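S.K.: Protein chains in written order, with the numbering used here: chain A, 1 to 288; chain B, 1 to 326.
Derived from the structure by calculation, the hints contain no laboratory data.
Values in this document were obtained by computation on a predicted structure and should not be read as measured data.
Mixed in with the good hints there might be a few duds.
Claimed, not checked - A few chain A residues that don't get close to chain B, going by computed Cβ distances all over 12 Å: (1) V38; (2) F56; (3) A210; (4) E215; (5) L240.
Said to hold, decoys possible - Partial list, derived from the structure: chain A residues whose beta carbon lies under 8 Å from chain B: (6) V18; (7) V112; (8) P157; (9) I158; (10) L220.
As the list claims (entries may be wrong) - Straight-line distance between alpha carbons at most 27 Å, and here's what the computed DSS-like set of lysine-lysine pairs gives: (11) K283(A) <-> K198(A); (12) K16(A) <-> K233(B); (13) K140(A) <-> K65(B).
We put the CB at the ideal spot given by N, CA and C, even for glycine.
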Amino acid sequence: MTAAAPLRSANTTRRKVVNVVMLTLTGLCTLVAAGTLVFILGYLFIHGGSSLTLDFFTKLPTPVGEAGGGMANAILGSAKLLLIAMLVGVPLGFMGGVYLSEFGGSAFSFFVRYTTDLLNGVPSIVIGIFAYTVIVLPQKHFSTLAGGLALGVMMIPIAIRSSEEFLRAVPISLREGSMALGASKARSILTVVIPAAKHGILTGIMLNLARVAGETAPLLFTSFGNRYWSPGWDQPTAALPVMIFNYAISPYEDWHRQAWSAGFVLLALVLTVNIVARIIISKRTSPR
Amino acid sequence: MTTPVAHSATNPRRPSGRARTFWTRLKTGDEVAFLITLACAASVLLVTGLLVFELYQNSALPRHKFGWSFLTTDVWDPVAEEFGALPFIYGTLVTSALALVIGIPLGVGAAIFLAELAPARISAGLTFLIELLAAVPSVIYGLLGIFILVPALRSAEPTLRAVLGWMPIFQGPFYGVSLLSAGVVLSVMILPFIISISREVILAVPNDQREAALALGATRWETTWDIVLPYAKNGITGSIFLALARALGETMAVTMVIGNDPKIVGSLFAPGYTIAAVIANEFTEATGDMYSGALIELGLVLFGLTIIINAVARILVSGGRLKGAP
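Input sequences plus hints: build the corresponding full structure.
M.R.: Put into structure tokens, the structure is as follows:
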């Protein structure tokens, strides 16, 4: 014991130093990760926010090489794309979620869940190819519809899983109470379970929309892009993320400035939705 | 509680749940609700099936012409209609691997800090911030990559060469746009996935494991490294696979900083090309069925890659939870 004492204390010192060093390193890792976000936010808000003008929201892009102009058509285009995406993704995803939560439990629903996860993991560019082969190829031209479909398909898996999750969180006693009063299963789902999960499901849809709003890859060869107002739903349209991409890789200084503005607008939109949604969710779930 | 007797006593005309016929259930709407929601759930299978079918069908031309050699040849010549996917597979794997090399230590380190050291409130706040990183659209990462990361790496080039230049992968000319910049951008993009899942898995490790180790005289770090991490190993590996699947399929940010050059040079300083990037850049310009077919076949390859990686990740994450429960 006495002979081992000095050895042990040297060893202990080493262990203590390792302890402090490694724990500090983990703190540094956290700092780097959180710092990156702060940097991204700060840079975009300062750089993008300062170059933002009113023209950005109200004017069309100017011809190549001419300064000024805005992205009004791209903002409207993005809104149209999101509307189609919502019409495709939300009903399918929500009802699918109802099935998994209220009627599921069989091998079939396991299979559906598994496929949903796989579809969720499919790279967005591959979804773009899918929309291209299904709509653009037969029609022989790019269209808003194809872009909206691509985004809608991307919404389905997340809509299913988030609806299922929020419906499952509704206490089973509510369902039993409703059915004990003589309501059919369909009626109790419609008038008791879904209203109870309403806020969660709506928040999930908002988050889902925010996610696909920033998607660029599936739009490149579906809705393509347009320097003017899109003439119709089956015609190509500009979209905010695609504009950012095209302007960022262009050689023009003024286009770079506008890319930053567009990036700022897109990021502000996406992050606001995310923050608000998370606050709503945490408020609803914390008292449990 | 809901015995058939009590049920029929309060409502004698309605037969009890089990005895209801298909017809009565249809009338009350149960069967209708079931069938409609079933159809919507089945739409996922339909869409996924159709997706695979379309990718397979539309890539028939190059598949028949090149066969498996599509994956192993490195010539990409649209004019001569010679297509080989090797440079893109190489670029995809190298950038993703680099992203993991940077992202794993950072991500797992941060997850350890957030789960083991930080007070609950601070941990929740920081995790929220980090998870917001996952919400930043990929094209914005590309924007920052082009205008900030690439110039920064260019000015850091002498330092990089001095420190790492003895390795062959850090040699050759450097223009800024490179496999290296793509890997760095990807590493930031996958961080939130590694951190938030790993943190959850580490938090799920039972406390008596830690207490036992601490009681035996282990330091905080030894407890974490020797007891907690092995316990959470499967979940953390799962999070890494999920992150890898993200990195493989990431398109815009990579396209904007990788340089888009289908060559295999063997240096991280060299520009490269990934599967997703070549589809994004060349799809609208692809003239002829062979060219667009080759790009769609690349999509099929990417699809296969991510499906496999995702499946492994799911098994690891859920399996880890099952085994983690005592």
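S.K.: Evaluate each hint against the coordinates.
M.R.: Going through the hints against the structure:
1. V38: violated, 8 Å
2. F56: Given a closest Cβ separation of 16 Å, the condition holds.
3. A210: At about 7 Å from chain B, A210(A) fails to clear the 12 Å cut-off, so the statement is violated.
4. E215: violated, 7 Å
5. L240: The assertion about L240(A) is violated, with a minimum of 9 Å to chain B.
6. V18: V18(A) check passes; min Cβ-Cβ to chain B is 6 Å, inside 8 Å.
7. V112: Holds, because the Cβ-Cβ distance from V112(A) to chain B comes to roughly 5 Å (cut-off 8 Å).
8. P157: This interface hint holds because 7 Å falls under the 8 Å limit.
9. I158: For I158(A), the interface hint is violated, since the closest Cβ of chain B sits about 12 Å away, which is over 8 Å.
10. L220: holds, 6 Å
11. K283(A) <-> K198(A): holds, 14 Å
12. K16(A) <-> K233(B): holds, 24 Å
13. K140(A) <-> K65(B): holds, 25 Å
Of the numbered hints listed earlier, those contradicted by the structure are 1, 3, 4, 5, 9.
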